[in-house]
Amino acid sequence: MKHFFNRRETIVTEALDGLLRTIGSGDLARLDGYPEIKVILRADWDKTKVSVVSGGGAGHEPSHAGFVGKGMLTAAVSGEIFASPSVEAVLAAIRAVSGPAGCLLIVKNYTGDRLNFGLAAEKARAEGFHVEMVIVADDIALPDINQPRGVAGTLFVHKIAGHLSEAGHDLAFVATAARAAAKDIVSLGMSLSSCSIPGQPHEDRFGENDGELGLGIHGEPGVERIAVQSADRLVAIMVERLAARLDPEATYALLINNLGSVPPLEMSVVANAVLASPLAKTIKLTIGPGPLMTALNMNGFSLSLIRLDAARETALQAPVGPHAWMPAKPVVSPAVVPMAKAAGQSAARKPSQDARTRSLLVTICERLIALETTLNGLDAKTGDGDTGSTVATGARSVLERLDALPLAEPAATLGAIGDILSASMGGSSGVLLSIFFTAAAQALESGASLAKALLAGLDRMTFYGGARMGDRTMVDALEPALRALDAKSVDEAAVAARRGAEATSAMDKAKAGRSAYVGSKLQGVVDPGAHAVAEVFAAAAALHEAA
Numbered sequence: 008m009k010h011f012f013n014r015r016e017t018i019v020t021e022a023l024d025g026l027l028r029t030i031g032s033g034d035l036a037r038l039d040g041y042p043e044i045k046v047i048l049r050a051d052w053d054k055t056k057v058s059v060v061s062g063g064g065a066g067h068e069p070s071h072a073g074f075v076g077k078g079m080l081t082a083a084v085s086g087e088i089f090a091s092p093s094v095e096a097v098l099a100a101i102r103a104v105s106g107p108a109g110c111l112l113i114v115k116n117y118t119g120d121r122l123n124f125g126l127a128a129e130k131a132r133a134e135g136f137h138v139e140m141v142i143v144a145d146d147i148a149l150p151d152i153n154q155p156r157g158v159a160g161t162l163f164v165h166k167i168a169g170h171l172s173e174a175g176h177d178l179a180f181v182a183t184a185a186r187a188a189a190k191d192i193v194s195l196g197m198s199l200s201s202c203s204i205p206g207q208p209h210e211d212r213f214g215e216n217d218g219e220l221g222l223g224i225h226g227e228p229g230v231e232r233i234a235v236q237s238a239d240r241l242v243a244i245m246v247e248r249l250a251a252r253l254d255p256e257a258t259y260a261l262l263i264n265n266l267g268s269v270p271p272l273e274m275s276v277v278a279n280a281v282l283a284s285p286l287a288k289t290i291k292l293t294i295g296p297g298p299l300m301t302a303l304n305m306n307g308f309s310l311s312l313i314r315l316d317a318a319r320e321t322a323l324q325a326p327v328g329p330h331a332w333m334p335a336k337p338v339v340s341p342a343v344v345p346m347a348k349a350a351g352q353s354a355a356r357k358p359s360q361d362a363r364t365r366s367l368l369v370t371i372c373e374r375l376i377a378l379e380t381t382l383n384g385l386d387a388k389t390g391d392g393d394t395g396s397t398v399a400t401g402a403r404s405v406l407e408r409l410d411a412l413p414l415a416e417p418a419a420t421l422g423a424i425g426d427i428l429s430a431s432m433g434g435s436s437g438v439l440l441s442i443f444f445t446a447a448a449q450a451l452e453s454g455a456s457l458a459k460a461l462l463a464g465l466d467r468m469t470f471y472g473g474a475r476m477g478d479r480t481m482v483d484a485l486e487p488a489l490r491a492l493d494a495k496s497v498d499e500a501a502v503a504a505r506r507g508a509e510a511t512s513a514m515d516k517a518k519a520g521r522s523a524y525v526g527s528k529l530q531g532v533v534d535p536g537a538h539a540v541a542e543v544f545a546a547a548a549a550l551h552e553a554a
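Residue numbers (this note's numbering): 8 to 554.
No wet-lab data here; the hints were simulated from the structure.
Think of the CB as a built atom: it goes at the ideal place given N, C-alpha and C, for glycine as much as any other residue.
Take these hints with a grain of salt, some might be off.
[Stated by the list, open to error] With a cut-off of at most 25 Å between alpha-carbon atoms, the simulated SDA-like pairs for lysine to any residue come out as follows:
#	residue 1	residue 2
1	K459	K348
2	K190	S366
3	K9	K348
4	K388	K190
5	K495	S453
6	K54	S237
7	K288	M333
8	K388	S512
9	K357	T381
10	K9	M274
11	K388	A545
12	K336	A257
13	K388	Q324
14	K190	E227
15	K130	I44
16	K348	S435
17	K54	G106
18	K336	K348
19	K291	L368
20	K288	K348
21	K77	S429
22	K459	V369
23	K459	S366
24	K190	E215
25	K459	T364
26	K388	M476
27	K388	T321
28	K459	S396
29	K9	E129
30	K291	S453
31	K495	S435
32	K357	S456
33	K54	E87
34	K291	I376
35	K190	E129
[To be verified] Across the chosen pairs, the derived CB separations fall in these ranges:
#	residue 1	residue 2	range
36	E210	F12	50 to 56 Å
37	E210	T29	41 to 47 Å
38	P228	K9	20 to 26 Å
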């Protein structure tokens, strides 16, 4: 795996300094102890209040240093990647931020963290500090384990304890509330890959088509391998496990955590799946989705829930200083606003049937849908790899609306297809094809033949799009095909389209379209748009011959 870093020995200290350089204020500082002592702390801390200290191995960013600030942690102690900080580092943090009010240590339930934070607590007590420790063991992945792991649900405890400390409560009160909160948290993770550590060889134990349920935030094996399937189904499996540990009469806050490398688009799909599941009826507040306690670049996510009462609800929604914390928000259903019609919009076209037109549209659309993978593969070599999906989306949209089309009226049908593609196909392809069909419809309605009308549509499309013959776009297949259709036949048009498409493979540089932005040589690869046009005319010719 490839990573951005200088030296493995300095990656953590450089990352912590990067955080301090980019927070935009002097609210945070670090202890002068690099590289052995890695502590980020509040520079403005009032020692008359209970200090709240947490930490652990690096690699979970923004945890833990990203949550140091007003209303959350007073200090965070970092170890090396996935390694607990030393006793001396934890003790240094306690000494730096603790006064007569005392210190609360919040520790994830891993042996190294328990031992190092625990011994530091004992040494601090021997020095006269008042120290309490809360251990968070929220992971429910391994049901028979005596010591469940502490994972992302720990952040609930950070937030609640930090809020109570900021409000001025004493150590006994803050510690009691934090321990009670920790007992009411459940978490479960899911990933499609393990994580890779910078500077170390990476071996992914996952197969191509499986993921893992319940793996730890250091990549430790989970409870079971699970086949890759739809997001809804994967979330349903997690929801079932989590729901079994919840009180159906209670309300909960949900934290949706990105474990490192899940794209924001997919995290929103996960969030929607959870909040559309049976679990949603118990969820009152959501935090995320976002990267809150990551596992380096793990391609996975976790769900954490805490039982709510009035005090916890207030604590979770209270504003804080750290920007890494994502505010807790009420769950709401998507609002839907009706679309306004444009002034002067023509009356809706009435549906009508024509067997030949319907057969032609079905044949062409089904051919384009079948080509999705092929076109995406071609586009991956010449663009961004989505031409097949874009074209298939448009084709499916036409098929879905087939019964509503005015098939007995050719001009109206072309216009309706233009409207459908404009709404359903993304990017430039949908707009260009919508222009093509809209202009062709106007020409046909004005008395032009079908071939002449399609050429008129091509003229408008090339005017707005800027592409011409030889520019390595779909025009290279579409223009010769339409000219052959005007002068000869559908069969000749199919031959001309195929020749035009194949000619694009001899062009090493595109002069228009997205391929124009590709610096590499394109010779030997057919333009995907031109290939789609050739397949459309081939399908039309085959249907014509069969008739």
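Hints, one by one, checked against the model:
no.	hint	verdict
1	K459 <-> K348	31 Å, violated
2	K190 <-> S366	64 Å, violated
3	K9 <-> K348	51 Å, violated
4	K388 <-> K190	53 Å, violated
5	K495 <-> S453	22 Å, holds
6	K54 <-> S237	51 Å, violated
7	K288 <-> M333	22 Å, holds
8	K388 <-> S512	12 Å, holds
9	K357 <-> T381	36 Å, violated
10	K9 <-> M274	23 Å, holds
11	K388 <-> A545	24 Å, holds
12	K336 <-> A257	18 Å, holds
13	K388 <-> Q324	48 Å, violated
14	K190 <-> E227	23 Å, holds
15	K130 <-> I44	17 Å, holds
16	K348 <-> S435	23 Å, holds
17	K54 <-> G106	5 Å, holds
18	K336 <-> K348	34 Å, violated
19	K291 <-> L368	48 Å, violated
20	K288 <-> K348	36 Å, violated
21	K77 <-> S429	49 Å, violated
22	K459 <-> V369	23 Å, holds
23	K459 <-> S366	22 Å, holds
24	K190 <-> E215	37 Å, violated
25	K459 <-> T364	18 Å, holds
26	K388 <-> M476	21 Å, holds
27	K388 <-> T321	53 Å, violated
28	K459 <-> S396	30 Å, violated
29	K9 <-> E129	42 Å, violated
30	K291 <-> S453	59 Å, violated
31	K495 <-> S435	31 Å, violated
32	K357 <-> S456	23 Å, holds
33	K54 <-> E87	28 Å, violated
34	K291 <-> I376	42 Å, violated
35	K190 <-> E129	24 Å, holds
36	E210 <-> F12: 50 to 56 Å	19 Å, violated
37	E210 <-> T29: 41 to 47 Å	33 Å, violated
38	P228 <-> K9: 20 to 26 Å	25 Å, holds
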